[in-house]
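Letter by letter, the chains look like this.
2 protein chains.
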Amino acid sequence: MTLPTTNLDALLSDLNGLDLITEPNQVAKLSQDYYHFSPVLTPQLKDKVGDVVIRPANEAEVLRVAQACVNYKIPLTVRGAGTGNYGQCIPLAGGVILDMTRMSAVKWMKPGLACVEPGAKLAAIDKQTRDIGWEIRMAPSTYRTATIGGFVGGGSGGIGSVTYGQLRDRGNLLAVRVVTMEDQPRAIELRGDDVYKVAHAYGTNGIITELEIPLAPAYPWTEIIVSFSDFMSAAQFGQTLSDADGMIKKLVCICPDPIPKYFAALKSYLPEGTHCAFLMISETCLEPLNEFVKDFKGTIVYQKSAQDASRGAAIAEYSWNHTTLHARSVDPTITYLQTLFPDDKNLQLLEHMYHHFGDEVMMHLEFLRYGGTARPASLQLVRYSTEERLNEIIKYHESKGAYIFNPHTYLIEDGGMKMVDTAQLQFKQKVDPYGLLNPGKMRAWLEKDGK
Amino acid sequence: MTLPTTNLDALLSDLNGLDLITEPNQVAKLSQDYYHFSPVLTPQLKDKVGDVVIRPANEAEVLRVAQACVNYKIPLTVRGAGTGNYGQCIPLAGGVILDMTRMSAVKWMKPGLACVEPGAKLAAIDKQTRDIGWEIRMAPSTYRTATIGGFVGGGSGGIGSVTYGQLRDRGNLLAVRVVTMEDQPRAIELRGDDVYKVAHAYGTNGIITELEIPLAPAYPWTEIIVSFSDFMSAAQFGQTLSDADGMIKKLVCICPDPIPKYFAALKSYLPEGTHCAFLMISETCLEPLNEFVKDFKGTIVYQKSAQDASRGAAIAEYSWNHTTLHARSVDPTITYLQTLFPDDKNLQLLEHMYHHFGDEVMMHLEFLRYGGTARPASLQLVRYSTEERLNEIIKYHESKGAYIFNPHTYLIEDGGMKMVDTAQLQFKQKVDPYGLLNPGKMRAWLEKDGK
Ligand SMILES: Cc1cc2nc3c(=O)[nH]c(=O)nc-3n(C[C@H](O)[C@H](O)[C@H](O)COP(=O)(O)OP(=O)(O)OC[C@H]3O[C@@H](n4cnc5c(N)ncnc54)[C@H](O)[C@@H]3O)c2cc1C
Ligand SMILES: Cc1cc2nc3c(=O)[nH]c(=O)nc-3n(C[C@H](O)[C@H](O)[C@H](O)COP(=O)(O)OP(=O)(O)OC[C@H]3O[C@@H](n4cnc5c(N)ncnc54)[C@H](O)[C@@H]3O)c2cc1C
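Protein sequence lines correspond, in order, to chains A and B. Per the UniProt record's numbering, the first sequence runs over residues 1 to 451. Per the UniProt record's numbering, the second sequence runs over residues 1 to 451.
I should point out that these hints are in silico values taken from the structure, not numbers from a laboratory. Bear in mind the structure is a predicted one, so any value in this text is a computation, not a measurement. Don't take each hint at face value.
Identical chains blur together in the list; that is why a pair holds if it fits in one copy or across any two.
[Said to hold, decoys possible] Taking lysine-lysine and the DSSO-like style, the derived pairs with C-alpha atoms no more than 30 Å apart in a straight line are:
| hint | residue 1 | residue 2 |
| --- | --- | --- |
| 1 | Lys110 | Lys127 |
| 2 | Lys48 | Lys73 |
| 3 | Lys400 | Lys345 |
| 4 | Lys448 | Lys267 |
| 5 | Lys110 | Lys294 |
| 6 | Lys304 | Lys107 |
| 7 | Lys107 | Lys430 |
| 8 | Lys73 | Lys395 |
| 9 | Lys73 | Lys297 |
Using the sequences provided together with the hints, build the complete structure.
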C-alpha cells in the first residue's frame, strides 16, 4: 500500500464543521479493535493507526467525507464499536477513521421489521423494538456494545443463530443503503441478494448508512445452566435440544470442563469438574426442557426468569466469543479457533477432537443452524505455543473434515469462505475504483491485477 | 367386541338434563368421519353407529357421562368435528358418542401460550389469540372446522409443521386435562412427556377436557403460488426453501402436474402442465423469496397479501389432505398415502418414485421439520384399483426406505409407529380398566391378553 495521506490538511479544511478527532491518543484508541485475541494478528496490527477520526451525524455528512477522501485519494476505514476480532477495522494504510456511532437512530419499526442507522447498538435497537413485542433475530455476544453496521460489516451470527442461522442466510438482512467512493459519491440502496455485496465485506465496498433488518418475536427468555458429568452427554444434549423443532431457543452453548473454571462470577453455581450447557429458552418451553435434561442425566444448576433478565450476570455474556474473553482475562496466552463440525448427529469427529487435543484445545460448542440443520460450531480455546503449532492444529481439523473459519487473518477471504467473491470484487470495482475503502483487507482486490 | 349396550335406557335416565341426541339419522351422521377417503376402511366402517350422542357443556357433565358409562359398562367414543381420515371416532361397538363441540372456550391466553377447551375450533382459537399477536403453531388443513381436542387426539401436524415439526414434538403440547373411566371417574392433569399418554391415542385413554398449547407469533402471512416447468425444480425449490433458516414460513406444499388440474377455483392462475408450489411466507420475506424463485426458474403466478387473507380461496385449503379432497371431488376413486421420505437433500428416492409409479401414484409433497431437518412428506394421490395393489405400492415404498404412515387402518399402531406404545397401554390399564373408551382402536389393548 502506498496510498497518499499527504493531503490530509486539505481534507480537514474541506470538512470543517464536522465532528473531527485529531488528538493522537484518541485517534490511536479509535484505531483499535479486538484483534489482540489473536497472537498472530497482534504483531501485524498493533502499530496501525489512522490520521483522523470523523464522526458523521447523518448521511449527508458521510457523503461529504467520501467526496473529500476521493478528491485527495485518502483511505477511509469505517468503524462501529470496534469489537471485531480479526482487525476488520484496523486502518492498515492510515487515513480517515469514520466512526459511525453518532448515526444510531431506529428510523422506523413495525412487527417483524425495522429500519435502523448503522451506529445503533444492538441492545439499543432491542430496547425500542421490544416495546412492540419484537427483537433482533441474532446478535454477537458483544450485543451491549457492538453496532448493527459493524455486525453486518464484519460479523456472522451468534445468539439467535440456533434458530435463524447466520447473517449470510437469505432473509436475515433485507436492505442496506451505502455511500460509494466514486468520483461523485452517492447513496445507493441494495435489496435482495445484492445486500451480500456489502455484508461481511469489512467496509471495503461502501459505507452503510441505513439497514432494513427482520425482527424476531421477543419471547420471554429464561436463562438456564445445566451441568453434566460427562462431555458427550452435554454435547448430545446440545444437539438434541437444537434439533427439537417444538422448542423455542435462542442459545445452546456447551462449555465443557475446564472452561467453567474461567467464569468467576458464576463460580458458586457451576459444580467443579462438570460440563455445562448455557441456554436461553422461551419460558413456555421450560417443562418440556426438563424432559430433555432428564434424558441426558443433567442437573439444572442455574435459572433466571425473563423478568429478572436485567439482574445479575447475563449468561449470553459467557457464550460465543465471550467464552474466550473470560478465559483470556484469567490466562492471556489463550487464543481460539472457529470450527464448523460436520452434520453428524453422533458427533463423532467432535468426540475425536475432544480427546485428541485434550487440554491444549479446549472444546466450546455453539449450536447454530446451517443450511437447514443444527450443527455444532466450536470456538475452541487454544493454549497457544507457536504460530506453527496453531497452523498444525488447524490443518489437522481440516484434514478430518472440520471446517475452520480462521480468526487469525484480517483478509476477508482467508477467514471465511476461502474463495474470491466475484460479486463483491465487481461491486468494489464500481463503487470504490480507487481502492480507498479499508485498503488491504480484500485479497481479491489485492490480487486483481495478477499481483 | 361384545360389550353390553343393553343398559342404555338406564344410562339415559341417569343423564337426564344433559344435551342428548337419540334421533337415529342425527346419531348416524354424528357417527361418521372422513374414513371414506379410504376404499379399504369404507366397507369396514360404513355401518357403525352409536346409540346416543351426548354433548356436554362442561367438565362436570363429562364426569357424569363417564360415571354412567362405567356403571353400565357402555362404550364411549369421543368426537370433535369428525374430520379424521382413519375412522378415529367411528364407534365400532356402538354406545355413547361424546360430542365435545359445546366445550369451545378459550379459557385464557398470554403471549406464547393459551388454555383452551377441546371443542374449540382451530380457526376460532386463532381468531382470539391473534388479537394479542399470536396464533396456533400448526393446524390441519381442516383448520376451519376441526377442533383442538380432535387434532391432539387424532391428528399429527400440518400447516406450520415446516417450522415447528409435529404435535408429537416436545413443546408443541404443554398440558392436557383428562377425565378417566375408572370406577370413580376423575379429572387429572398431565404435563411434560405425560401428555403423550393421551395425545394421538384416538380418545382411548381419557376424555380431554382442557389443553394448554403453545402459540406462535402471528406473522402477516402472504399466500403465494409459484409454478415450475419441471418436477424436480419444484421439489428442490421446496427443499431449499424449507432449509432456509432465515425464511419465516408456514406452508411449503408442492403439487406437481397433474394435481393442479383438480383445483377448479384456481384454474385461471395455474398454467397448464406445470408443477406448483403453494406457500405461506411472512410478508417480510418476500424479497428474499424472489431470489429462491429465480434460482429454480419458477414463476410467481398467484400472490395474496395477509391483509386480503379473508378474501378468495385460502391456499392452505389446497394443501395437506385438502389436496386429496379436491382430487376426490373430481374423481372419487382416488385415494392417498402418507409417506415420509428420507433426509436426502438430493431427493433421489422421491425422484425415483415419481417416475416409477407415474400417473398411478401422483406425487404431492408437504415439507415438514422432522427431528430438526426439513423433510418431504408425501400425501400421494393414488388411482385405486385393488387393496392388493395398494399394499404392493406401500411395500415397494417401504422396501426402498420411504416410511409409510398407513391411512388405511383404524388401529393406532398400524397407522403410525407400527409398535406398541407401552406408556399408552399402561396408562389405559389404569384409566380405562374396562376398555370402554373407543373400543377396538388400540392394537396393544386388543392383544394384551395374548389374543
Ligand atoms: C468478546 C467478543 C465476542 C464476540 N462475539 C461475536 C459473535 O458471537 N458473533 C459475531 O459475529 N461476532 C462476534 N464478535 C465480533 C464483533 O463483536 C461483532 O461482529 C460485532 O457485531 C462487530 O460490531 P462493531 O460495531 O464492533 O463493528 P466493528 O468492529 O467496528 O466493525 C466491524 C467491521 O464492519 C465494518 N463496518 C462497521 N460499520 C460499518 C458501516 N457503517 N458500513 C460498512 N462497514 C462497516 C468495519 O469496517 C469492520 O470491518 C465478538 C467479539 C468479541 C470481542
Ligand atoms: C380434507 C382433510 C384434510 C386433513 N388434513 C389434515 C392435516 O393436515 N393434518 C392432520 O393431522 N390431520 C388432517 N386431517 C384429519 C383431521 O381433520 C384432523 O386431524 C383434525 O384435527 C381432527 O379434528 P376433529 O375435531 O375433526 O377430530 P375428530 O375426527 O372428531 O376426532 C379425532 C380423534 O380424536 C379423538 N378426540 C376428539 N376429541 C377428543 C377429546 N376431547 N378427548 C380425547 N380424544 C378426542 C376422537 O376420538 C378421534 O379418535 C384432515 C382431514 C380431512 C378430511
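Verification of the hints:
1. Lys110 to Lys127: Both: 14 Å inside a chain and 21 Å across chains, each within 30 Å.
2. Lys48 to Lys73: Result: close within a single copy only, 19 Å intra versus 88 Å inter.
3. Lys400 to Lys345: Cα proximity of Lys400 and Lys345: in one copy and across copies (16 Å, 23 Å).
4. Lys448 to Lys267: neither (52 Å within a copy, 53 Å between copies)
5. Lys110 to Lys294: between (40 Å within a copy, 28 Å between copies)
6. Lys304 to Lys107: between (33 Å within a copy, 28 Å between copies)
7. Lys107 to Lys430: Cα proximity of Lys107 and Lys430: one copy only (29 Å, versus 61 Å across).
8. Lys73 to Lys395: Classified as neither; 40 Å inside a copy, 73 Å across copies.
9. Lys73 to Lys297: neither (63 Å within a copy, 44 Å between copies)
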